[in-house]
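Enquirer: Please build the complete structure, drawing on both the sequences and the hints.
Taken in order, these protein sequences are the chains called C and R. Position one of the first sequence corresponds to residue 245 (my numbering), numbered consecutively onward. Position one of the second sequence corresponds to residue 542 (my numbering), numbered consecutively onward.
Mixed in with the good hints, there may be bad ones.
Quick list of the computed label-pair ranges, beta carbon to beta carbon [unchecked claim]:
1) C:G409 <-> R:R892: 15 to 23 Å
2) C:T350 <-> R:G772: 46 to 54 Å
3) R:R892 <-> C:E455: 43 to 51 Å
4) C:T362 <-> R:Y894: 42 to 50 Å
Partial pick of chain R residues on the chain C-facing surface, computed with a CB cut under 7 Å [said to hold, decoys possible]:
5) K737
6) N741
7) F895
8) S900
9) N923
10) F931
FYI, nobody ran anything at the bench for these hints, they're computed from the structure. Yeah, the Cβ is synthetic: ideal placement off N, Cα and C, and Gly gets one too.
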Amino acid sequence: MIFRILHYLPETMSLYGDYANASALARLIDFEGGHVELIRSETFPDNRFDAVFIGSGTERNSFYMLDALAENRDALMEQTASGILFATGNSWEMFGKTVSDSVLGTRQGLGFFDFEVTRDRSVRVVTDVLADYSPTGERSAGFINGCSLTCETGSPMFRNCVCSGFKIKNDGIISRGFYGTSFSGPVLIRNPHVLRNVADALYNIKGFTPERRFSDETQSAALSVTLSELEKRLKKTKK
Amino acid sequence: MKIFLSVIICRFLSFLGRLLKRGSSMPGLIVLRLFPDVLSRLVFPELVIAVSGSNGKTSTVEMLADALTANGKKVIYNREGSNQTEGICTLLLNNCTLKGKIKADAVVLESDERYARLTFRHFSPSHFVVTNLFRDQMTRNGHPEWIFDLLGRGISSAKKLILNGDDPLVSAYGKGRNDVKYFGVGRTSVSSDTCKGMYNDGFWCPVCHGRLSYDYYTMSHVGRFMCPSCGHGSFDISYQVTCIDLDKKYIIVNGNKTISLALASCYNVYNILAAYAACVEAGGDPDVTAKALSGHILRNGRVVTFKNGNGRGMLLVSKHENSMSYNQSIEYVSRQKGEKTVLFIVDAISRKYFTGETSWLYDIDFGALKAERIILSGKYCNDLRERFSFTDIPDETITVEPDIEKAVRLTSDGFTYVITCFSDMAKYLSKVEVDK
Chain C
245 MIFRILHYLP ETMSLYGDYA NASALARLID FEGGHVELIR SETFPDNRFD AVFIGSGTER
305 NSFYMLDALA ENRDALMEQT ASGILFATGN SWEMFGKTVS DSVLGTRQGL GFFDFEVTRD
365 RSVRVVTDVL ADYSPTGERS AGFINGCSLT CETGSPMFRN CVCSGFKIKN DGIISRGFYG
425 TSFSGPVLIR NPHVLRNVAD ALYNIKGFTP ERRFSDETQS AALSVTLSEL EKRLKKTKK
Chain R
542 MKIFLSVIIC RFLSFLGRLL KRGSSMPGLI VLRLFPDVLS RLVFPELVIA VSGSNGKTST
602 VEMLADALTA NGKKVIYNRE GSNQTEGICT LLLNNCTLKG KIKADAVVLE SDERYARLTF
662 RHFSPSHFVV TNLFRDQMTR NGHPEWIFDL LGRGISSAKK LILNGDDPLV SAYGKGRNDV
722 KYFGVGRTSV SSDTCKGMYN DGFWCPVCHG RLSYDYYTMS HVGRFMCPSC GHGSFDISYQ
782 VTCIDLDKKY IIVNGNKTIS LALASCYNVY NILAAYAACV EAGGDPDVTA KALSGHILRN
842 GRVVTFKNGN GRGMLLVSKH ENSMSYNQSI EYVSRQKGEK TVLFIVDAIS RKYFTGETSW
902 LYDIDFGALK AERIILSGKY CNDLRERFSF TDIPDETITV EPDIEKAVRL TSDGFTYVIT
962 CFSDMAKYLS KVEVDK
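Expert: If you want it as structure tokens, here you go:
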């Protein structure tokens, strides 16, 4: 079975190694017997995709990106109904009602969801985060690096967030095929269970039965170290 | 009286700090708490040269200080790299009279990009050199554009700007100013028609957000660029490297000044060029300056050679969370002839703050590494291993050894390049015999 994956806006919105999320899913599907076509493009191709990835950008780039996203609003909406749209860092903020930036002003979002985003450019939210991945409850590690605190969405991707210096309870959203999180970078690599869950969701949509299962022991070991270090550190911070 | 007390307190605390082997920022921090405006009361010499940017600050400052000294100037500079306001305050108060007159012909100051706006609200540099703005310590600095905005507030009062004209973001500081000199590298043996690396931060024009076009790239997105929409990039390069020979280890500046390289890397070329441009702009003689910079061996401990059992090696300090720094080390090592082992150590990501964030590994072009054997060590060795699994480097080349002491033993034969950061370098160097 062919899986078509798009890494959209790879130059404009890929600040923290976000590009690797698409690579990770492609590698997993390939290992499990799917045939993968991975495209990285600054323009939104006409073709249909099974999974679309968008990463983090500078505040200016994310505003410019809004125009590109708005032009393809229908296709992106269709994507969340028939496939997966995975947005990391500040890109998922674009899918709410509005984005208000203390320097760049207020812009209409794509309106997929009701949340409103306020960016205070005098403060940068920078923190390691420990959290539970909502669909499976598994402990996950992430990093937030932006100008806005995530707003509550009702169906967050991550719950029970613990971080240092900022009050964040839940983060992101999962709604139909839309996966949005403020966690930046290669979220699917750092958290192999999230990759597994997203891949299985995609298989479900496509009706694909994998020939074998991919097990990333190296990354599981890496996550275990990160979680243990963060647990220790965040306990210290609480004291 | 304020100045007098400040100087006395600072010197006493510095003396105590040396006894207790503490850093050089504390005296300045305490003095600034007591007398917040002390820096604005000092009497500076005509030449106050600030150097900032993501990479190359310490090296550029050291070379610039040496070049100015060769030109007969008495120079003070923050050789310990304490580049925030407090560290700079300590340096200045320890080098002035009791009335606050700086005892030097020239002050050369490395300034942290985020702190320049705080330091230079008290006094204005005569020259401000900006080396580059790259992805660096994203856990602290956000992204280059964020730093561009912050640093912009720090450089505005400088009388003259000396900017890397090959960096689209840095050169944007020159927009609308006349008192600017640019330095850059012409088309040479190291030029490329494509942007090498895992990302291209020169995709969009930082001035108008049009698509930039490049004649060539020298190092990542740094190269000869032009914005067809707004003309950004159409300035003259006053100081240009016109020839680079990394094998024979020399460069030629403006067609006639030859400077030999102790460390043959593009990275070093830009640092030398920045120091050359700043020194000549400060009145240095071009010949004397080129001679002073020729074969300059950095004393800042960024390159350390060592003996380990029957083996020898070189440690290249490469900042964690800074892909450009790693890429330059990888490029340098890959260019070296002969069989080699490369050891990467990621144990503590920063010495200044805690983070478990490893996304920056994905911005590094590990796939470009050419080595017979690769060892990955430290607490985050599995993150490194995972990153390498996305390259074409054969699995059998790679060994994972979490324990750094064991990694030291694994590298006791042949020639080893160690690529790691300040936060982790001592964990290796304390186990080997460092060359004096």
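Enquirer: All the hints need checking, so say for each whether the structure fits it.
Expert: Hint check:
1. C:G409 <-> R:R892: 15 to 23 Å: With Cβ atoms ~19 Å apart, the hint holds.
2. C:T350 <-> R:G772: 46 to 54 Å: Violated: the Cβ-Cβ distance is about 31 Å, outside 46 to 54 Å.
3. R:R892 <-> C:E455: 43 to 51 Å: Holds: the Cβ-Cβ distance is about 47 Å, inside 43 to 51 Å.
4. C:T362 <-> R:Y894: 42 to 50 Å: With Cβ atoms ~26 Å apart, the hint is violated.
5. K737: 14 Å, violated
6. N741: 6 Å, holds
7. F895: 5 Å, holds
8. S900: With Cβ-Cβ at 3 Å, under 7 Å, it holds.
9. N923: Nearest chain C Cβ about 4 Å off; hint holds.
10. F931: 6 Å, holds
Hint check: violations occur at hints 2, 4, 5; the rest are consistent with the structure.
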